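Participant: Chains as they are written, first to last, in the working numbering: chain A, 118 to 367; chain B, 815 to 1141.
Some hints could be false.
[What the hints assert, rightly or not] Lysine to aspartate or glutamate pairs mimicking DMTMM-like chemistry, simulated, CA-CA at most 25 Å apart:
#1 B/1000 - A/240
#2 B/1026 - A/239
#3 A/206 - A/245
#4 A/232 - A/271
#5 B/1000 - A/245
#6 A/241 - B/824
#7 B/1000 - A/249
#8 A/311 - A/271
#9 B/927 - A/129
#10 A/232 - B/824
#11 A/259 - A/307
#12 A/286 - A/178
#13 B/1000 - A/257
#14 A/261 - B/819
#15 A/145 - A/245
#16 A/315 - A/271
#17 B/1000 - A/239
#18 A/358 - A/314
#19 B/1133 - B/848
#20 B/927 - A/183
#21 A/259 - B/1127
#22 A/261 - B/1127
#23 B/927 - A/171
[What the hints assert, rightly or not] Derived CB-CB ranges, DEER-like:
#24 B/1100 - A/237: 49 to 57 Å
#25 B/1093 - A/248: 43 to 51 Å
#26 B/1110 - A/255: 40 to 48 Å
#27 A/341 - B/923: 37 to 45 Å
It should be emphasised that the hints constitute simulated quantities derived from the structure, not laboratory data.
Every value quoted in this text rests on a predicted model; they were computed, and no experiment measured them.
All C-beta atoms, glycine included, are put in the ideal place defined by N, C-alpha and C.
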Amino acid sequence: MLRVENVTLNFEGLIAVNNVSLTVQANKISGLIGPNGAGKTTFFNRISGVYTPDKGSITFDGHRIDGKKPYQINKLGIARTYQVINLFKNMNLLENVMVGMHSNLHSNFFSSMFKTKVQRAEEKEALERAYDWLKFVNLEHKAKNLAGSLSYGEQRLLEIVRGLASNPKLILLDEPAAGMNSKEKEMLHDLLNKILEKKISILMIEHDMKLMMGVAEYIYVLNYGQKIAEGKPSEIQNNPKVIEAYLGGE
Amino acid sequence: MKLLDKFKMEYIGKVGIAVFLLVLPLIFHAFNYDYGILICCFGALYVIAVSGLDVLFGYCGQISMGQAAFFAIGAYGSVIMHKYLGIPVLVSMIISSILATIIGCIIAYPASKLVFHFLSLATTAFGEVVYQLICQSPKGITGNFTGFFTDYPSIFGYKLNTNIKFYYYALIMVVIFLILKSNIIKSRIGRAFIAIRENSHAANGMGINVTKFKVMAFGISAFYTAYAGGMYAHLTRFISPETFANKQSVMFLTMLLFGGTASLGGTVSGVFVVLILNEILRSAGRYQLFAYGGLLLLVVVIFPGGFYRFIKDFINKQKGGTKDAEG
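Extracted from the complex, chain A is given alone in its bound form (with noise of 0.2 Å):
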């Protein structure tokens, strides 16, 4: 669904992502790992639209995405969480998840000014929906609480609750996991198989090998901004040049 090919990115003369080519399928984990300073969340800024490429083609679902803007991309159906945690932390749990479905509501200027009826509908809808999202991941007891008054764990759950809320056909989880205690950790896990669920493929860097081995069905190898490797888990465990990247080569 979300494809990538030859995309190279770079920062005045230092190439962030060289030449790099990886496929997501429709209703899997995919995996991004590497090395710190690989070029991971570089290539899902790519992806998501903060950085135009240099070369290079992105296709999801059969649009040419490369040169959108986030917003658009946001609304062709690829949801992000960021590696730093960017929530509107001055709101409440709520509104997050209700401005994670902006591009689902359809209420204009003129109709929120004069709170129409179909705007007042649409509003008690989207704040059912947001409740819902939140009883997914068992925040709704924090509903009217300011974002940044959660845990750091929890952070995370909103993060990825929010972007959900906009009906995504792929989310792109930008290491989930880091922060998270080990109980959350696990929550995490069941969590990403209740997105499946949903029919919402994942693009998933994480540090966490446990966890990344233990959820992705296909894992793709940053290092340096190449790619090294590419495959199933089992095999990405054993591949020489991945272990090279890691523990480093003679």
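Got chain A sorted already, so can you dock chain B onto it with the hints?
Facilitator: Frame of chain A, contents of chain B only:
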């Protein structure tokens, strides 16, 4: 039961405020203090202007140091249209506000790429450009430095020719503008504004067209402030450039910051506190700005959430209640 009591309290409070606002000018009138009514009229129009700035700065997080320009466009636009084209005052006020909105959107489009100090510089410059234009207008249609006189507003031949009549008109307008503002803020649009203020990067990633919504916020603030400008012109019935200098923009911001951003109570209390101080300090002349500076410093150091939040928290603390996070 407790909920019902709370509801009742709120209801009584609201009715109380409404009755107070309705009889206030009559009280002033009874004591033969017409000036008090005039101050309330000014207060009302400033509430509208500052609410506009609040949408832009308080909710969307975009600073504008050039609000006086929109105030001027509203005032001069309405006066000029009334004078040269004979358009009835209330209609000319609306047309000039729409004009200001269009200009605001045009300015906002390139300005939406700017943040913080760059945006304040750009908006300051815009304010200055408009100020210079009214001072030295082509063919002197604005009356240049001398300014000119104009009429009271009238509705279907009924002239709002006393301060009391104007007060009730202004009160109605304030209520309308505040309700519309509150509707916008509590909608998808308002959430987009706040999301941009909180984290524009993430807002973009959530499907919000940041440029579009920044332009919209600028447009709304321009409309509000311009309408207030029109009200100002037809309340004082005399306008001259000095009202629309940079000082006015600073005053709007002072009112907003002093009262507290992103809340209704903050806007209203900020406007009236600064307005009353303004009257007290009238004799201080050029030291007024010094007082504003002091006020702003006070806000930043002692109550960063604004005067209104400070009072509210204080009352809650006395009651032993929890802090109100919504404001």
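Participant: Next step is simple, just say for each hint if it's right about the structure.
Facilitator: Here is how each hint holds up against the structure:
Taking the CA atoms of residue 1000 of chain B and residue 240 of chain A, the gap is about 9 Å. The hint holds against a cut of 25 Å. As the CA atoms of residue 1026 of chain B and residue 239 of chain A are separated by approximately 22 Å, the hinted pair is consistent with the 25 Å bound. The suggested pairing of residue 206 of chain A with residue 245 of chain A holds, with an alpha-carbon distance near 21 Å, which does not exceed 25 Å. Using a Cα cut-off of 25 Å, the hinted pair residue 232 of chain A and residue 271 of chain A is violated, with the two alpha carbons roughly 33 Å apart.
At most 25 Å may separate the alpha-carbon atoms for a hinted pair to count; residue 1000 of chain B and residue 245 of chain A meet this at roughly 15 Å. This hinted pair checks out: residue 241 of chain A and residue 824 of chain B have alpha carbons roughly 23 Å apart, not beyond 25 Å. The suggested pairing of residue 1000 of chain B with residue 249 of chain A holds, with an alpha-carbon distance near 20 Å, which does not exceed 25 Å. Among the hinted pairs, residue 311 of chain A with residue 271 of chain A is consistent with the structure: their alpha-carbon atoms are about 17 Å apart, no more than 25 Å.
This hinted pair checks out: residue 927 of chain B and residue 129 of chain A have alpha carbons roughly 22 Å apart, not beyond 25 Å. For a cut-off of 25 Å, the pair hint linking residue 232 of chain A to residue 824 of chain B stands: about 23 Å separates their Cα positions. For the hint pairing residue 259 of chain A with residue 307 of chain A, the CA-to-CA distance comes to about 21 Å; that is within 25 Å, so the pair holds. With a C-alpha separation of about 9 Å, the suggested pair residue 286 of chain A and residue 178 of chain A falls inside the 25 Å cut-off, and the hint holds.
Simply put, residue 1000 of chain B and residue 257 of chain A have alpha-carbon atoms about 21 Å apart, close enough for the 25 Å limit, and the pair holds. Between residue 261 of chain A and residue 819 of chain B the CA atoms are separated by roughly 22 Å; this keeps the pair inside 25 Å, and the hint holds. Restraint check: the Cα-Cα separation between residue 145 of chain A and residue 245 of chain A comes to about 28 Å, which exceeds 25 Å; the hinted pair is violated. The straight-line distance between the Cα atoms of residue 315 of chain A and residue 271 of chain A is roughly 21 Å, inside the 25 Å bound, and the hint therefore holds.
Restraint check for residue 1000 of chain B and residue 239 of chain A: satisfied, since their Cα atoms lie roughly 13 Å apart, inside the 25 Å limit. Proximity of residue 358 of chain A to residue 314 of chain A is assessed by CA-CA distance (about 34 Å); at most 25 Å being required, the pair is judged violated. Restraint check: the Cα-Cα separation between residue 1133 of chain B and residue 848 of chain B comes to about 38 Å, which exceeds 25 Å; the hinted pair is violated. Of the supplied pair hints, the one linking residue 927 of chain B and residue 183 of chain A holds, its CA atoms being roughly 21 Å apart against a limit of 25 Å.
Between the alpha carbons of residue 259 of chain A and residue 1127 of chain B the distance comes to roughly 22 Å, so the proposed pair stays at or under 25 Å and holds. Pair hint residue 261 of chain A plus residue 1127 of chain B holds up; C-alpha atoms about 19 Å apart against a cutoff of 25 Å. Distance hint between residue 927 of chain B and residue 171 of chain A is fulfilled; the C-alpha atoms sit about 22 Å from each other, no more than 25 Å. Remark: the range hint 49 to 57 Å for residue 1100 of chain B to residue 237 of chain A is upheld by a beta-carbon distance near 51 Å.
The given range of 43 to 51 Å is respected by residue 1093 of chain B and residue 248 of chain A, whose C-beta atoms sit roughly 49 Å from each other. For residue 1110 of chain B and residue 255 of chain A, the hinted distance range of 40 to 48 Å is satisfied, since their beta carbons lie about 44 Å from each other. At about 40 Å, the beta-carbon gap between residue 341 of chain A and residue 923 of chain B stays in the expected band of 37 to 45 Å.
Of the hints listed earlier, those the structure fails to meet are numbers 4, 15, 18, 19, in rising order.
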